[in-house]
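The residues making up each chain are set out below.
2 protein chains.
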Amino acid sequence: TARLRADSMAAALAAMSLDEAPEEKEVVVDPWTVSGKIDYDKLIRDFGSQPISEALIARFERVTGAVAHPWLKRGIFFSHRDLDIVLDNYEKGKPMYLYTGRGPSSEALHLGHLIPFMFTKYLQDVFKCVLVVQMTDDEKFLWKDLKLEECHRLAFENAKDIIACGFDITKTLIFSDLDYIGHMYPNILKIQKATTYNQVKGIFGFDDSVNIGKHAFPAVQAAPSFSSSFPHIFGGDTTVPCLIPCAIDQDPYFRMTRDVAPRLGFGKPALIHSKFFPALQGADSKMSASDEASAIFCTDTPKQIKDKVNKYAFSGGRETVEEHRKLGGDCAVDISYQWLTFFLHDDAKLQHIHDEYSSGRMLSGEIKKELIDVITPMVQLHQAARSHVTDDIVRTFMTPRKLNLER
Amino acid sequence: TARLRADSMAAALAAMSLDEAPEEKEVVVDPWTVSGKIDYDKLIRDFGSQPISEALIARFERVTGAVAHPWLKRGIFFSHRDLDIVLDNYEKGKPMYLYTGRGPSSEALHLGHLIPFMFTKYLQDVFKCVLVVQMTDDEKFLWKDLKLEECHRLAFENAKDIIACGFDITKTLIFSDLDYIGHMYPNILKIQKATTYNQVKGIFGFDDSVNIGKHAFPAVQAAPSFSSSFPHIFGGDTTVPCLIPCAIDQDPYFRMTRDVAPRLGFGKPALIHSKFFPALQGADSKMSASDEASAIFCTDTPKQIKDKVNKYAFSGGRETVEEHRKLGGDCAVDISYQWLTFFLHDDAKLQHIHDEYSSGRMLSGEIKKELIDVITPMVQLHQAARSHVTDDIVRTFMTPRKLNLER
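Line order of the protein sequences matches chains Z and L. Sequential numbering of the first sequence, starting at 32, is according to our numbering. Sequential numbering of the second sequence, starting at 32, is according to our numbering.
Incorrect hints may have been included.
Dumping the calculated DSSO-like pairs for lysine-lysine here, alpha-carbon to alpha-carbon at most 27 angstroms [stated by the list, open to error]:
1. 175(L) <-> 299(Z)
2. 202(Z) <-> 299(Z)
3. 152(L) <-> 380(L)
4. 178(L) <-> 299(Z)
5. 175(Z) <-> 202(L)
6. 232(Z) <-> 232(L)
7. 202(L) <-> 380(L)
8. 232(Z) <-> 175(L)
9. 159(L) <-> 125(L)
10. 299(Z) <-> 400(Z)
11. 125(L) <-> 380(L)
12. 357(Z) <-> 342(Z)
13. 380(Z) <-> 400(Z)
14. 178(L) <-> 175(Z)
15. 433(Z) <-> 159(Z)
16. 125(L) <-> 202(L)
17. 152(L) <-> 232(L)
18. 202(L) <-> 178(Z)
19. 342(L) <-> 299(L)
20. 299(Z) <-> 337(Z)
21. 380(Z) <-> 73(Z)
No wet-lab data here; the hints were simulated from the structure. Keep in mind the model is a prediction, meaning the values are calculated, not measured.
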């Protein structure tokens with residue numbers, strides 16, 4: 032098969048973010064904090080989700096007739112809940128929809144922000160289904176030192192970057208919570224009534240000193256998981272199942288949602304979880320929208336991209352060229368290599384780079400150049416696409432309206 | 032003056048709900064529980080509000096040119112926050128608005144429910160100002176064993192009883208939270224962000240087992256206190272001050288609101304608080320919309336009114352007629368007398384009944400007849416007024432729209 036997991040490249044991938052040394056700091060993975068050395072197998076066990084097996088990927092290809100996305104084959108989308116049921120339903124011709132989101136806290140998105148949207152765009156093409164994108168401007172206001180009006184403005188700005196990923200305007204609704212809350216409020220109330228503070232405290236680790244908006248918010252993030260939150264799209268059908276692509280840190284919201292769903296007479300949303308996209312400075316450092324040096328932004332120029340990768344991308348290379356030639360580079364910690372696993376979709380070429388770098392034939396400067404050559408045109412294409420997204424187009428995407436439900 | 036507080040009738044009123052025996056059960060006054068023997072002077076001290084003095088009432092009459100409502104003169108509206116500032120502003124010709132509300136949990140309103148609306152109607156006439164009425168269908172859903180759709184329907188039904196109190200359609204907005212939440216959400220978020228769970232726990236006595244909607248709700252009740260929640264009425268003016276007439280048990284919401292207001296750059300709402308309207312069975316029993324016998328409903332027939340008063344109204348009369356003639360009735364506990372202090376606005380007649388009953392010249396059956404004669408036409412007038420409130424009229428009152436801001 033085309034899957035690469037079993038080979039040496041996949042071993043490097045599997046080792047991503049794993050330290051050989053004993054754990055030094057606590058591992059925290061929740062919607063606001065990702066810290067410590069992440070063991071993704073342990074995360075699956077702790078969260079109670081399912082690994083995405085080769086068999087499931089094979090079935091995905093068989094049922095949809097689509098080639099599996101490299102991020103599936105490479106284990107970047109590595110965990111799921113009920114993806115098998117999604118495939119059962121698709122096979123039977125039943126309707127479904129996708130739901131993802133973005134917390135608009137920065138002017139420009141970085142490459143990590145694009146991962147779920149790029150994958151969601153792929154899924155929309157595969158399943159030929161409706162997508163709803165929640166812009167949680169309310170969440171960002173409650174958690175960050177930002178003015179509400181600024182969060183609302185950023186939701187509109189960020190929608191441009193999302194639209195630039197290529198979503199089908201006839202099948203996609205993007206909504207700001209601030210604008211859309213009235214439509215969701217009945218479901219929000221039903222979710223809130225079915226959820227105690229003890230439960231959210233257990234799931235999210237809140238303490239009593241946090242603001243009361245944070246207590247209420249998980250229900251806002253949960254609500255789009257239910258088709259009754261979109262009456263203008265689904266005409267009051269409360270049973271259309273939902274599939275949520277997201278990074279694994281968002282899972283706590285949907286564990287809560289799945290817990291509450293049966294008590295409301297709704298179906299549980301299915302999920303497909305990605306690993307974290309590492310920061311330039313290394314898998315352990317936090318990629319932050321407020322730290323220019325930690326990420327490549329969608330607005331960066333070719334020169335900025337080149338300079339940042341050369342200056343900041345954590346290297347798995349050795350101290351000296353001699354040592355590097357002898358021992359080879361360490362793909363498991365080398366950020367250029369890891370980013371290539373995300374953005375270089377040519378399996379053969381990725382394998383070649385892996386072998387060349389691990390053997391020491393390829394130097395750090397050279398693997399950085401490979402990365403620069405992959406992401407520079409990608410960012411430029413994104414910028415070109417975004418430049419065509421007018422305010423009118425954004426307003427259309429953001430208007431609650433009928434969507435095309437045809438497969 | 033026409034004020035009656037200093038005389039014997041007022042002494043009976045002041046003793047309302049006070050027991051001579053030592054307190055036997057804990058006194059609880061919050062938005063969901065009113066229990067124990069209420070000492071209104073102590074409540075003013077505990078809540079930190081101000082008593083409504085004779086001097087303030089005199090100034091109210093001077094500034095507004097209106098005769099003080101009997102409920103002001105009789106100390107039924109007995110407590111306030113910043114009513115003096117409201118009068119200052121009115122004197123200077125500044126705009127203001129009134130805000131009150133109703134939690135729609137029953138089909139029919141009882142007489143106790145009408146108190147705040149009757150008084151608010153009086154205040155609208157006096158101040159010639161806009162009124163907003165919040166129907167907290169969301170609150171009732173979160174607190175009661177009711178379906179959301181039922182709470183929403185009851186909000187519409189209850190609006191008819193409210194409208195029947197005579198509010199000016201050109202100056203009044205009635206809104207269901209479920210329908211209106213989108214307009215208030217920015218202010219709700221600002222209030223939530225400025226309020227910790229520790230604070231609401233202290234104010235409302237929540238524990239961690241309550242649903243998260245209850246944690247969030249106080250901000251929903253607070254939001255209409257700020258004119259920016261009504262942009263279509265006040266055209267974006269965020270500084271129009273608000274006066275809230277309510278029963279004293281609702282004060283915790285507005286203590287929280289007043290605490291948070293300066294941090295949001297908003298003015299603090301002013302309040303005017305009423306005492307509780309006692310249940311038929313006596314001041315200590317709970318008047319409940321679900322206990323037919325505890326209240327007179329707006330839908331009751333003359334026969335039902337007569338039967339209920341005769342059967343259930345707790346009597347301050349003596350065991351035997353002989354004893355009653357000798358010792359006299361006790362106005363401080365007699366529900367017929369106490370209800371007359373609410374609904375018989377003729378001071379001389381009320382004084383006469385007080386004197387006749389306390390002296391023993393008037394018997395329990397006779398004072399009950401006095402009450403029946405007062406409330407039967409009142410309820411019939413209300414029913415006649417309500418019968419003219421069409422669904423279209425309700426929809427007009429409940430449509431967010433421009434209102435007449437002229438004095």
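Quick rundown of the hints versus the structure:
A distance of roughly 26 angstroms separates the Cα atoms of residue 175(L) and residue 299(Z); the hinted pair therefore holds under the 27 angstroms criterion. The suggested pairing of residue 202(Z) with residue 299(Z) holds, with an alpha-carbon distance near 22 angstroms, which does not exceed 27 angstroms. Restraint check for residue 152(L) and residue 380(L): the C-alpha separation of about 24 angstroms stays at or below 27 angstroms, so the hint holds. For the hint linking residue 178(L) to residue 299(Z), the alpha-carbon distance of about 21 angstroms falls within 27 angstroms, and the restraint holds.
Pair hint residue 175(Z) plus residue 202(L) does not hold up; C-alpha atoms about 39 angstroms apart against a cutoff of 27 angstroms. Our distance criterion of 27 angstroms between C-alpha atoms is met by residue 232(Z) and residue 232(L), whose separation comes to about 15 angstroms. This hinted pair does not check out: residue 202(L) and residue 380(L) have alpha carbons roughly 35 angstroms apart, beyond 27 angstroms. For the hint linking residue 232(Z) to residue 175(L), the alpha-carbon distance of about 23 angstroms falls within 27 angstroms, and the restraint holds.
Restraint check: the Cα-Cα separation between residue 159(L) and residue 125(L) comes to about 12 angstroms, which is no more than 27 angstroms; the hinted pair holds. Of the pairs offered as hints, the one joining residue 299(Z) and residue 400(Z) is violated, with about 45 angstroms between alpha carbons and a cut-off of 27 angstroms exceeded. The suggested pairing of residue 125(L) with residue 380(L) is violated, with an alpha-carbon distance near 38 angstroms, which exceeds 27 angstroms. The suggested pairing of residue 357(Z) with residue 342(Z) holds, with an alpha-carbon distance near 24 angstroms, which does not exceed 27 angstroms.
Under the criterion of a C-alpha separation no larger than 27 angstroms, the hint pairing residue 380(Z) with residue 400(Z) is consistent with the structure, at around 14 angstroms. Taking the CA atoms of residue 178(L) and residue 175(Z), the gap is about 35 angstroms. The hint is violated against a cut of 27 angstroms. Taking the CA atoms of residue 433(Z) and residue 159(Z), the gap is near 16 angstroms; set against the 27 angstroms cutoff, the hint holds. Under the criterion of a C-alpha separation no larger than 27 angstroms, the hint pairing residue 125(L) with residue 202(L) is consistent with the structure, at around 16 angstroms.
Proximity of residue 152(L) to residue 232(L) is assessed by CA-CA distance (about 34 angstroms); at most 27 angstroms being required, the pair is judged violated. Note on residue 202(L) and residue 178(Z): the hinted pairing is violated, with a Cα-Cα distance of about 32 angstroms set against a maximum of 27 angstroms. Annotation: proposed proximity of residue 342(L) to residue 299(L) is violated, straight-line Cα distance about 45 angstroms (limit 27 angstroms). Of the supplied pair hints, the one linking residue 299(Z) and residue 337(Z) is violated, its CA atoms being roughly 44 angstroms apart against a limit of 27 angstroms.
Of the pairs offered as hints, the one joining residue 380(Z) and residue 73(Z) is violated, with about 31 angstroms between alpha carbons and a cut-off of 27 angstroms exceeded.
Of the numbered hints stated above, those contradicted by the structure are hints 5, 7, 10, 11, 14, 17, 18, 19, 20 and 21, listed in ascending order.
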